[in-house]
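Visitor: Sequences listed follow chains P and S, in order. Residue numbers for the first sequence, in our numbering: 1 to 227. Residue numbers for the second sequence, in our numbering: 1 to 298.
Calculated directly from the structure, the hints in this document are not laboratory data. Wrong hints could be hidden among the right ones.
Ranges between beta-carbon positions, derived for each pair [what the hints assert, rightly or not]:
#: 1; chain 1: S; residue 1: S178; chain 2: P; residue 2: E162; range: 54 to 60 Å
#: 2; chain 1: S; residue 1: A138; chain 2: P; residue 2: Q19; range: 51 to 57 Å
#: 3; chain 1: S; residue 1: S178; chain 2: P; residue 2: Q19; range: 32 to 38 Å
Computed from the model, here is a short list of chain P residues facing chain S with C-beta under 8 Å [what the hints assert, rightly or not]:
#: 4; residue: K36
#: 5; residue: G37
#: 6; residue: S56
#: 7; residue: G58
#: 8; residue: T71
#: 9; residue: S75
#: 10; residue: P78
#: 11; residue: S115
#: 12; residue: S116
#: 13; residue: H135
#: 14; residue: G192
Glycine residues also receive a C-beta, built at the ideal position from the N, C-alpha and C atoms.
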Amino acid sequence: MQTIDMATTSLRELNETLQAQSQATNQTQWQIDNPKGSHAMAVGLDAPIEVTIKGSTGYYCGGMNKQAVITIDGSAGPGVAENMMSGKVVIEGDASQYAGATGHGGLLVIKGNASSRCGISMKGIDIVVHGNIGHMSAFMAQSGNLVVLGDAGDALGDSLYEARLFVRGNVKSLGADCIEKEMRSEHLEILGALLEQADADARPEEFKRYGSARQLYNFNIDNASAY
Amino acid sequence: MCGIVGLFLKDRTLEPELGSMLTDMLVTMSDRGPDSAGIAIYGDPNNGRMKITVQSDDPNVDFDALASTLGARLGTTIAVHLKDTHAVLEMDKRHGDAVRACLAETNPDIRIMSTGELIEIYKEVGLPKDVAARFDIAGMRGSHGIGHTRMATESAVTTMGAHPFSTGADQCLVHNGSLSNHNSLRRRLIREGMAFETQNDTEVAAAYLTHKMQNGSNLGEALEAGLEDLDGFFTFVVGTRNGFGVVRDPIACKPAVMAETQQYVAFGSEYRALVNLPGIEGARVWEPEPATVYFWEH
Numbered sequence: 001m002q003t004i005d006m007a008t009t010s011l012r013e014l015n016e017t018l019q020a021q022s023q024a025t026n027q028t029q030w031q032i033d034n035p036k037g038s039h040a041m042a043v044g045l046d047a048p049i050e051v052t053i054k055g056s057t058g059y060y061c062g063g064m065n066k067q068a069v070i071t072i073d074g075s076a077g078p079g080v081a082e083n084m085m086s087g088k089v090v091i092e093g094d095a096s097q098y099a100g101a102t103g104h105g106g107l108l109v110i111k112g113n114a115s116s117r118c119g120i121s122m123k124g125i126d127i128v129v130h131g132n133i134g135h136m137s138a139f140m141a142q143s144g145n146l147v148v149l150g151d152a153g154d155a156l157g158d159s160l161y162e163a164r165l166f167v168r169g170n171v172k173s174l175g176a177d178c179i180e181k182e183m184r185s186e187h188l189e190i191l192g193a194l195l196e197q198a199d200a201d202a203r204p205e206e207f208k209r210y211g212s213a214r215q216l217y218n219f220n221i222d223n224a225s226a227y
Numbered sequence: 001m002c003g004i005v006g007l008f009l010k011d012r013t014l015e016p017e018l019g020s021m022l023t024d025m026l027v028t029m030s031d032r033g034p035d036s037a038g039i040a041i042y043g044d045p046n047n048g049r050m051k052i053t054v055q056s057d058d059p060n061v062d063f064d065a066l067a068s069t070l071g072a073r074l075g076t077t078i079a080v081h082l083k084d085t086h087a088v089l090e091m092d093k094r095h096g097d098a099v100r101a102c103l104a105e106t107n108p109d110i111r112i113m114s115t116g117e118l119i120e121i122y123k124e125v126g127l128p129k130d131v132a133a134r135f136d137i138a139g140m141r142g143s144h145g146i147g148h149t150r151m152a153t154e155s156a157v158t159t160m161g162a163h164p165f166s167t168g169a170d171q172c173l174v175h176n177g178s179l180s181n182h183n184s185l186r187r188r189l190i191r192e193g194m195a196f197e198t199q200n201d202t203e204v205a206a207a208y209l210t211h212k213m214q215n216g217s218n219l220g221e222a223l224e225a226g227l228e229d230l231d232g233f234f235t236f237v238v239g240t241r242n243g244f245g246v247v248r249d250p251i252a253c254k255p256a257v258m259a260e261t262q263q264y265v266a267f268g269s270e271y272r273a274l275v276n277l278p279g280i281e282g283a284r285v286w287e288p289e290p291a292t293v294y295f296w297e298h
């Protein structure tokens with residue numbers, strides 16, 4: 001186990017050290033102490049390493065992650081795991097705005113609640129939130145899966161493309177062009193696998209699925225006079 | 001951006017530490033706004049005496065002589081506590097309004113930062129660490145306080161454009177965001193008798209709440225009404241004589257984190273601002289919900 005203490009290490013030194021790990025590194029276990037809400041910790045990683053941050057983080061933790069498994073033993077500030085490509089980010093507490101935004105791949109697990117704009121413009125990432133999510137989540141979400149064990153706030157999935165949204169609790173309101181859809185066996189299968197990977201105590205049958213009505217994909221000529 | 005911090009103490013034994021805790025919180029937020037900084041501190045009442053905190057850029061202004069002249073004219077004594085560019089004038093409450101009116105008439109270049117029995121506001125252009133040091137904020141005691149570091153968007157970088165804004169006795173407000181209907185709302189409030197010192201959007205929000213509270217609303221009701229009438233982006237933190245309030249607009253893109261323990265309620269634009277508070281490890285930490293009013297009163 002390698003330990004880095006942020007009380008005595010600069011942010012640049014932390015990220016350079018973690019980013020320098022190769023595919024075949026022997027130093028696979030890392031612990032970061034005293035994060036104290038610092039910004040941009042453990043970003044741009046690209047190696048099969050496990051990083052545990054002992055405390056809460058500020059903006060953009062785990063951004064652009066590839067391969068690494070990052071655990072935040074606290075809560076995360078805005079933009080956690082933004083644009084993640086692969087690997088896994090686990091947050092033991094809550095996540096602030098736009099968690100997992102624009103993510104292309106990998107799995108983001110939030111054990112507490114996520115606030116507004118969770119999974120905005122997601123492009124293939126899977127996100128599992130054990131608690132609730134805030135308003136405008138999955139706005140313009142293109143692909144991937146957003147799973148919510150609790151409730152969703154206003155305007156869920158506004159202007160959605162092909163991402164799948166699974167919510168167990170209540171949805172305060174659906175955004176433009178987002179509708180409830182039939183839960184078929186292939187969806188139950190995807191959902192079951194995600195719940196297991198995210199260590200979530202829920203059954204796929206308890207969820208509802210939401211997706212795009214695909215009414216905004218093409219311009220409707222009847223609306224021409226509005227422009 | 002802008003950075004906001006606030007601290008409302010429930011445990012009176014922490015009161016001697018208020019200034020130092022708030023200074024530490026505000027300095028941590030420096031990179032959210034380097035233009036100007038300000039702090040409002042609610043101190044101890046002094047037998048109903050009124051404090052008027054004033055400021056002048058002119059190093060030749062003699063606040064002691066000014067206080068003697070004003071005191072002689074109004075038939076009272078005015079105590080003066082000098083702090084860098086600011087001075088706190090302290091007088092019998094009955095003379096507070098007269099002193100303020102007299103000042104405006106005889107020394108219009110002297111700016112009034114705050115009036116009230118408890119509140120003192122110190123604000124200047126510059127970094128939080130420098131502004132806090134100039135006024136020795138770390139040495140101040142109090143029951144609650146609010147700090148702000150500004151990245152200006154809506155009006156000039158001047159002392160008067162810095163936050164907190166105070167538009168009523170023992171009231172103040174700080175703001176992260178920008179309002180889009182402040183001009184029309186300012187005109188409406190002027191018609192209803194409110195006075196303005198700047199063209200700043202935040203001052204309109206402060207005056208709006210003052211106007212609501214003058215007309216019988218409590219802090220919570222005034223903030224609820226603000227959600228209807230104020231258009232734009234905002235996270236506000238508001239102080240009154242015995243209260244502390246927080247509200248965010250419905251879009252809630254301006255950040256906010258709160259922490260509560262048995263000893264205090266704390267606000268920060270980021271969690272970083274809260275990490276050195278006593279007992280933060282065991283605090284309830286949460287992000288205030290959009291369009292939801294939070295307030296505490298002593």
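Visitor: Please write out, lowest number first, the hints stated earlier that are contradicted by the structure.
Guide: Of the numbered hints, 1, 2, 8, 14 do not hold.
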